[in-house]
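With chain A held as given, fit chain B onto it using these hints.
Chains A and B, in that order, are what the protein sequence lines are.
Count the first sequence with the working numbering and you get residues 155 to 289, in order.
Count the second sequence with the working numbering and you get residues 104 to 271, in order.
If you're looking for bench data, these hints aren't it; they were derived computationally from the structure.
Values in this document were obtained by computation on a predicted structure and should not be read as measured data.
Note that the Cβ used here is the ideal one computed from N, Cα and C, for glycine as well.
Hints may be right or wrong, so weigh each one.
Covered stretches of chain B, going by a simulated chain A footprint (3 or more residues, C-beta under 8 Å) [as the list claims (entries may be wrong)]:
no., stretch
1, 154–162
2, 170–177
3, 224–233
Listed below are the simulated DSSO-like cross-link pairs for lysine-lysine, each with C-alpha atoms no more than 27 Å apart in a straight line [as the list claims (entries may be wrong)]:
no., chain 1, residue 1, chain 2, residue 2
4, A, Lys257, B, Lys185
5, B, Lys247, A, Lys223
6, B, Lys185, A, Lys254
7, A, Lys197, B, Lys230
8, B, Lys203, A, Lys257
9, B, Lys176, A, Lys254
10, A, Lys156, A, Lys176
11, B, Lys185, A, Lys214
12, B, Lys219, A, Lys257
13, B, Lys149, A, Lys254
14, A, Lys197, A, Lys257
15, A, Lys223, B, Lys185
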Amino acid sequence: MKVLAYGEIMDGGISVFSSVAKVDADLLIVSFGGSIRIDNPYKHLEQYLVELEQLVPEEKIGRIEFDFKELDFCNSNGFYIIMDISEMIIDATDGPINIKRLKDDDWQQETLPILLNVDEPEIEARTTFEEFATI
Amino acid sequence: MVTQEDLATTNISMRYDLSPIRNIIGDLSGLLGNFSDELIGAFYAKTVSKKANIVITELVNNAVVNSTDRDGKIILEIVIEKNNLRIRVANAANRSQYRKVRDHIRMINSTGDLRKLMADTIRERRKDRLRGGLGLIRLAAENKFTLSARYRAPFLIVDSQINLGGLS
Numbered sequence: 155m156k157v158l159a160y161g162e163i164m165d166g167g168i169s170v171f172s173s174v175a176k177v178d179a180d181l182l183i184v185s186f187g188g189s190i191r192i193d194n195p196y197k198h199l200e201q202y203l204v205e206l207e208q209l210v211p212e213e214k215i216g217r218i219e220f221d222f223k224e225l226d227f228c229n230s231n232g233f234y235i236i237m238d239i240s241e242m243i244i245d246a247t248d249g250p251i252n253i254k255r256l257k258d259d260d261w262q263q264e265t266l267p268i269l270l271n272v273d274e275p276e277i278e279a280r281t282t283f284e285e286f287a288t289i
Numbered sequence: 104m105v106t107q108e109d110l111a112t113t114n115i116s117m118r119y120d121l122s123p124i125r126n127i128i129g130d131l132s133g134l135l136g137n138f139s140d141e142l143i144g145a146f147y148a149k150t151v152s153k154k155a156n157i158v159i160t161e162l163v164n165n166a167v168v169n170s171t172d173r174d175g176k177i178i179l180e181i182v183i184e185k186n187n188l189r190i191r192v193a194n195a196a197n198r199s200q201y202r203k204v205r206d207h208i209r210m211i212n213s214t215g216d217l218r219k220l221m222a223d224t225i226r227e228r229r230k231d232r233l234r235g236g237l238g239l240i241r242l243a244a245e246n247k248f249t250l251s252a253r254y255r256a257p258f259l260i261v262d263s264q265i266n267l268g269g270l271s
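So here's chain A without its partners, still in its complex pose (with noise of 0.2 Å):
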């Protein structure tokens, strides 16, 4: 497995939010930890997107792994970041994409299929969701 580009966001001195995006075989698994509350999170995250706009297409990707299941809270200014990560990775690949997701988190379940672009028929498709439970 190698890793291909990771962000974070700093507040305080500390990371608050980060995200890795890494590749094994022909599966591409990107996990976002922590919490975006800042005001705007592409202050920090425009690098990890351009590197991620640049990386992701040079790799023969077969399948999707989004992990949600570290990321504690998403404020609406980080719904937009959210959509541009996967937007550009569901679009690098037609496979099929696995969603690990918390059960009880009202965001997860209610608003994150909407930034994932689920109601796509197409996404739809390919698109697993798998719950968890928060430990």
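Chain B in isolation, oriented as in the chain A frame:
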């Protein structure tokens, strides 16, 4: 022995008055949201405390950003009793701001399909990278709160309420 069901009947009441608003330079909404999440989570299910966290974060952030009197105060009240969670936030506002918030809440409350409203609003605002405008819709569509607003000069008061039946 105290059971989880017993814990989820605990009455909790908190009130914060903070002034002047111009002194708020850190992530106040995050501090209040996270602290309340921890405290409510000591008695109620995580589903409940997380809902409170999101509502507090969105409403307090709105209040800090939009308050018309930087020397004035914001008030946050959190009450859980009789299986109801109510979160109230007040900040100085003019009548025009109040009418805008009132009309927005009326539109939300009269929408049959809140999920569609949320999806359409996100996609529309994303085109222009518009900030804001999603918070109140989110509280209703995602977190299932009932919203209302009133004006008691000089304060705009936004109430959000949810019945905890089945959640805790």
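We went through each hint and held it up to the structure:
1. 154–162: Coverage by chain A holds for the stretch 154–162 of chain B (5 residues, Cβ < 8 Å).
2. 170–177: violated (count 0)
3. 224–233: holds (count 3)
4. A:Lys257 x B:Lys185: Holds, at about 26 Å.
5. B:Lys247 x A:Lys223: holds (22 Å)
6. B:Lys185 x A:Lys254: violated (35 Å)
7. A:Lys197 x B:Lys230: Judged against 27 Å, a Cα distance of about 18 Å means the pair holds.
8. B:Lys203 x A:Lys257: violated (35 Å)
9. B:Lys176 x A:Lys254: violated (41 Å)
10. A:Lys156 x A:Lys176: Answer holds: Lys156 (chain A) to Lys176 (chain A) is near 6 Å, not above 27 Å.
11. B:Lys185 x A:Lys214: violated (56 Å)
12. B:Lys219 x A:Lys257: Satisfied, since the Cα-Cα distance of roughly 21 Å is no more than 27 Å.
13. B:Lys149 x A:Lys254: holds (19 Å)
14. A:Lys197 x A:Lys257: violated (30 Å)
15. A:Lys223 x B:Lys185: violated (32 Å)
Hints 2, 6, 8, 9, 11, 14, 15 from the earlier list are contradicted by this structure; the remaining hints agree with it.
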